[in-house]
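For the record, the sequence lines run as chains A and B.
Per the numbering used here, the very first residue in the first sequence carries number 1; after that it's consecutive.
Per the numbering used here, the very first residue in the second sequence carries number 287; after that it's consecutive.
Any given hint could turn out to be false.
Claimed, not checked - DSSO-like, lysine-lysine: derived pairs with alpha carbons at most 30 Å apart:
#, chain 1, residue 1, chain 2, residue 2
1, A, 251, B, 412
2, B, 547, A, 261
3, A, 251, B, 537
4, B, 306, A, 201
5, B, 547, A, 78
6, A, 251, B, 487
7, B, 537, B, 446
Said to hold, decoys possible - Residues from chain B shown here face chain A by an in silico Cβ test under 10 Å; the list is partial:
#, residue
8, 334
9, 335
10, 336
11, 392
12, 436
13, 438
14, 460
15, 476
16, 477
17, 493
18, 494
19, 528
20, 532
21, 561
22, 562
23, 566
Said to hold, decoys possible - Not close to chain B: a few residues of chain A, all C-beta gaps over 10 Å, as computed:
#, residue
24, 22
25, 26
26, 34
27, 45
28, 62
29, 75
30, 113
31, 197
32, 284
In case anyone wonders, no lab produced these hints; they're calculated from the structure.
All C-beta atoms, glycine included, are put in the ideal place defined by N, C-alpha and C.
Number of protein chains: 2
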Amino acid sequence: MRLAVIGVGLIGGSFALALKQARLASQVIGAGRSEANLRLALERGAIDSIAPDARAAARDADVILVAAPVAQFEQVFKEIASALSPNAIVSDAGSTKRDVIAAARRALGADLARFVPGHPIAGAEKSGAGAASAELFRGRRVILTPLPENAPQTVEKIQKLWAGCGANVTRMDADEHDSVLAAVSHLPHVLAYALVHEVAKRENAEQLFSLAAGGFRDFTRIASSHPQMWRDICLANRDRIVEEMDRYAGKLAQFRSLIGKGDGAALERLFAEAREARDQWLRRSS
Amino acid sequence: MRLAVIGVGLIGGSFALALKQARLASQVIGAGRSEANLRLALERGAIDSIAPDARAAARDADVILVAAPVAQFEQVFKEIASALSPNAIVSDAGSTKRDVIAAARRALGADLARFVPGHPIAGAEKSGAGAASAELFRGRRVILTPLPENAPQTVEKIQKLWAGCGANVTRMDADEHDSVLAAVSHLPHVLAYALVHEVAKRENAEQLFSLAAGGFRDFTRIASSHPQMWRDICLANRDRIVEEMDRYAGKLAQFRSLIGKGDGAALERLFAEAREARDQWLRRSS
Numbered sequence: 001m002r003l004a005v006i007g008v009g010l011i012g013g014s015f016a017l018a019l020k021q022a023r024l025a026s027q028v029i030g031a032g033r034s035e036a037n038l039r040l041a042l043e044r045g046a047i048d049s050i051a052p053d054a055r056a057a058a059r060d061a062d063v064i065l066v067a068a069p070v071a072q073f074e075q076v077f078k079e080i081a082s083a084l085s086p087n088a089i090v091s092d093a094g095s096t097k098r099d100v101i102a103a104a105r106r107a108l109g110a111d112l113a114r115f116v117p118g119h120p121i122a123g124a125e126k127s128g129a130g131a132a133s134a135e136l137f138r139g140r141r142v143i144l145t146p147l148p149e150n151a152p153q154t155v156e157k158i159q160k161l162w163a164g165c166g167a168n169v170t171r172m173d174a175d176e177h178d179s180v181l182a183a184v185s186h187l188p189h190v191l192a193y194a195l196v197h198e199v200a201k202r203e204n205a206e207q208l209f210s211l212a213a214g215g216f217r218d219f220t221r222i223a224s225s226h227p228q229m230w231r232d233i234c235l236a237n238r239d240r241i242v243e244e245m246d247r248y249a250g251k252l253a254q255f256r257s258l259i260g261k262g263d264g265a266a267l268e269r270l271f272a273e274a275r276e277a278r279d280q281w282l283r284r285s286s
Numbered sequence: 287m288r289l290a291v292i293g294v295g296l297i298g299g300s301f302a303l304a305l306k307q308a309r310l311a312s313q314v315i316g317a318g319r320s321e322a323n324l325r326l327a328l329e330r331g332a333i334d335s336i337a338p339d340a341r342a343a344a345r346d347a348d349v350i351l352v353a354a355p356v357a358q359f360e361q362v363f364k365e366i367a368s369a370l371s372p373n374a375i376v377s378d379a380g381s382t383k384r385d386v387i388a389a390a391r392r393a394l395g396a397d398l399a400r401f402v403p404g405h406p407i408a409g410a411e412k413s414g415a416g417a418a419s420a421e422l423f424r425g426r427r428v429i430l431t432p433l434p435e436n437a438p439q440t441v442e443k444i445q446k447l448w449a450g451c452g453a454n455v456t457r458m459d460a461d462e463h464d465s466v467l468a469a470v471s472h473l474p475h476v477l478a479y480a481l482v483h484e485v486a487k488r489e490n491a492e493q494l495f496s497l498a499a500g501g502f503r504d505f506t507r508i509a510s511s512h513p514q515m516w517r518d519i520c521l522a523n524r525d526r527i528v529e530e531m532d533r534y535a536g537k538l539a540q541f542r543s544l545i546g547k548g549d550g551a552a553l554e555r556l557f558a559e560a561r562e563a564r565d566q567w568l569r570r571s572s
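Turn these sequences into a full structure, and let the hints guide you.
Shown next as structure tokens:
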């Protein structure tokens, strides 16, 4: 199987390494905007050759994974649209799905049925081919949001590749995907960025940071994520993120009211419910 | 040096283990509400004997560390007040300081000058003597908030003990302590509890948790903290926490407005500023 990866960063590079390790890809060609990153991917064995552009990478590939920043997807889809070989299939690793599907509908034309949208839930604050690992997806979830136009065997092929990376693959529709991710991923990222920004802009920021401990560090870990990527996610999924922010603001107002009036019994109950829910989740997922 | 620890949990047990390891304490006597926990502390070598109550533990001690839940402090202070030997000094490990000092003023009477309030910033979601470690305070910050009544050498003694545990000791006033901690510790805890609670109460909570990943896990780690302890902190420091929640709500409203109107440039700038501030902090603190 010849694989083309457009955007050989953490996700694209890890997909290539995992499929090679599982012997599901024999040859990988990479394309991307950073020469230095592509050379690193080559050195690390994630790719076997570098294509001058997405179109050239796609030409002889059986499977094309688009793992570039989502803002570039429409351009990539346009470039590869008329270059696909007859049985080639395309997937992606974008963190949002409604916008990616809309871009694919505009740009892929007759090739739309060969595109299976996907999202591996394996982000990290690291990025680039240097951080890629064949193990990144082991035990992680990958969500596919198939199109009505996809043939079942097309979806099946992509699903098998992700399963070959060690991932647990789930299917849902793009709308549901974007709602769920807004709640458990996009909202926490915005909350973490907001907290760090609030602290950083204080007059006594240096003192505040100097007394912040492990709890603060873990809480804000995702505020070290890539600013452009999160800008793009916030723009692509803005309606759902705003909805989640409004719900969360309501929850915070409830907590604030209980703290303000000193209702210890209610606070303890809410804290205990949250802790129990989290601990149950950790037990189920371990 | 004979040490008495009232409340031999994570903090009290670690203090005892660290001072024994540093040969700054020769004998440790423990008191507390849980017999099982005290026996565990004895087995682990954190304490050498168990006292029937705080008063008995304090009687022959040179240093008494009060590390029980803050809500019990006033009672503990009352019990030990008239039992202290002539040169004994008392400190504590409470997460809030204005309320602890107020309780000490009410309960310690003539012994107030021997009490040096302190707060080791080394929480963890673990608790109990079983989690105690001689290394817990190494490289961590300990804040002392001395009283006007304290003699300089009294504060110095307590400072040396914490330094002997490997901690970096800072002094500030209790008011400042409670403000700083509200911003970098209490607020994040409330935010994490609120997010988990919000997700847990949704109809599709199970689906949401099943698709939550490492970012969500780290962000919410502190929501596995002890509910009673955090109830007490919220009650003790409610004015400052409410102030921080209001500021944070304002910051969130700013982020929400930018996301709602799709201002990508401003979002990217805020995210980049936050990331840079966090990364600088990590570089300075490592």
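Cross-check of the supplied hints:
1. Straight-line distance between C-alpha atoms of residue 251 of chain A and residue 412 of chain B comes to about 26 Å, which keeps the hinted pair within the 30 Å bound.
2. For the hint linking residue 547 of chain B to residue 261 of chain A, the alpha-carbon distance of about 35 Å lies beyond 30 Å, and the restraint is violated.
3. Among the hinted pairs, residue 251 of chain A with residue 537 of chain B is consistent with the structure: their alpha-carbon atoms are about 16 Å apart, no more than 30 Å.
4. A C-alpha spacing of about 42 Å is found between residue 306 of chain B and residue 201 of chain A, which places the hinted pair above 30 Å, so the restraint is violated.
5. Between the alpha carbons of residue 547 of chain B and residue 78 of chain A the distance comes to roughly 28 Å, so the proposed pair stays at or under 30 Å and holds.
6. A distance of roughly 11 Å separates the Cα atoms of residue 251 of chain A and residue 487 of chain B; the hinted pair therefore holds under the 30 Å criterion.
7. Our distance criterion of 30 Å between C-alpha atoms is broken by residue 537 of chain B and residue 446 of chain B, whose separation comes to about 41 Å.
8. With its C-beta approaching chain A no nearer than about 30 Å, residue 334 of chain B sits outside the 10 Å limit, and its interface hint is violated.
9. For residue 335 of chain B, the interface hint is violated, the least distance from its beta-carbon to any beta-carbon of chain A being 32 Å, above 10 Å.
10. The restraint placing residue 336 of chain B at the interface with chain A is violated, with a minimum CB-CB distance near 29 Å, outside the 10 Å limit.
11. At a threshold of 10 Å, the smallest CB-CB gap from residue 392 of chain B to chain A is about 19 Å, leaving the interface hint violated.
12. Contact between residue 436 of chain B and chain A, as hinted, is not supported at the beta carbon level, the nearest pair being about 21 Å apart and thus beyond 10 Å.
13. Using the Cβ-Cβ criterion of 10 Å, the hint placing residue 438 of chain B at the interface with chain A is not satisfied: the shortest such distance is roughly 23 Å.
14. Interface restraint check: residue 460 of chain B against chain A, minimum CB-CB distance 14 Å, threshold 10 Å, status violated.
15. For residue 476 of chain B, the suggested interface contact is upheld, since its CB lies about 6 Å from the closest CB of chain A, less than 10 Å.
16. For residue 477 of chain B, the shortest C-beta to C-beta distance to chain A is roughly 6 Å, which falls under 10 Å, so the interface hint holds.
17. A distance limit of 10 Å between C-beta atoms decides the matter here; for residue 493 of chain B the minimum to chain A is near 6 Å, and the interface restraint holds.
18. For residue 494 of chain B, the suggested interface contact is upheld, since its CB lies about 5 Å from the closest CB of chain A, less than 10 Å.
19. Taking 10 Å as the C-beta contact cut-off toward chain A, the hint placing residue 528 of chain B at the interface holds, the least distance being around 5 Å.
20. A least Cβ separation of about 8 Å between residue 532 of chain B and chain A falls short of the 10 Å threshold, and the interface hint therefore holds.
21. Given hint, residue 561 of chain B at the interface with chain A, holds; its Cβ is 5 Å from that chain's nearest Cβ, closer than 10 Å.
22. The restraint placing residue 562 of chain B at the interface with chain A holds, with a minimum CB-CB distance near 8 Å, inside the 10 Å limit.
23. Contact between residue 566 of chain B and chain A, as hinted, is supported at the beta carbon level, the nearest pair being about 8 Å apart and thus within 10 Å.
24. In this structure residue 22 of chain A is separated from chain B by more than 10 Å, as the shortest Cβ-Cβ distance comes to about 22 Å.
25. For residue 26 of chain A, the non-interface assignment is confirmed: its Cβ lies about 31 Å from the closest Cβ of chain B, beyond the 10 Å cut-off.
26. In this structure residue 34 of chain A is separated from chain B by more than 10 Å, as the shortest Cβ-Cβ distance comes to about 18 Å.
27. Under the 10 Å C-beta cut-off, the non-interface status given to residue 45 of chain A relative to chain B holds; the minimum distance is some 25 Å.
28. With a closest Cβ-Cβ approach of about 29 Å to chain B, residue 62 of chain A is found to remain outside the 10 Å limit, as its non-interface label requires.
29. Even its closest Cβ contact with chain B, about 17 Å, leaves residue 75 of chain A beyond 10 Å, as expected for a residue assigned away from the interface.
30. The beta carbon of residue 113 of chain A sits about 27 Å from the closest Cβ of chain B, which is more than 10 Å, so the claim that it is off the interface holds.
31. Non-interface status of residue 197 of chain A relative to chain B is broken: a Cβ of that chain comes within 10 Å, the nearest being about 4 Å off.
32. At roughly 8 Å from the closest C-beta of chain B, the C-beta of residue 284 of chain A falls inside 10 Å, breaking its exclusion from the interface.
Violation of the numbered hints given earlier is confined to hints 2, 4, 7, 8, 9, 10, 11, 12, 13, 14, 31 and 32; the remaining hints are satisfied by the structure.
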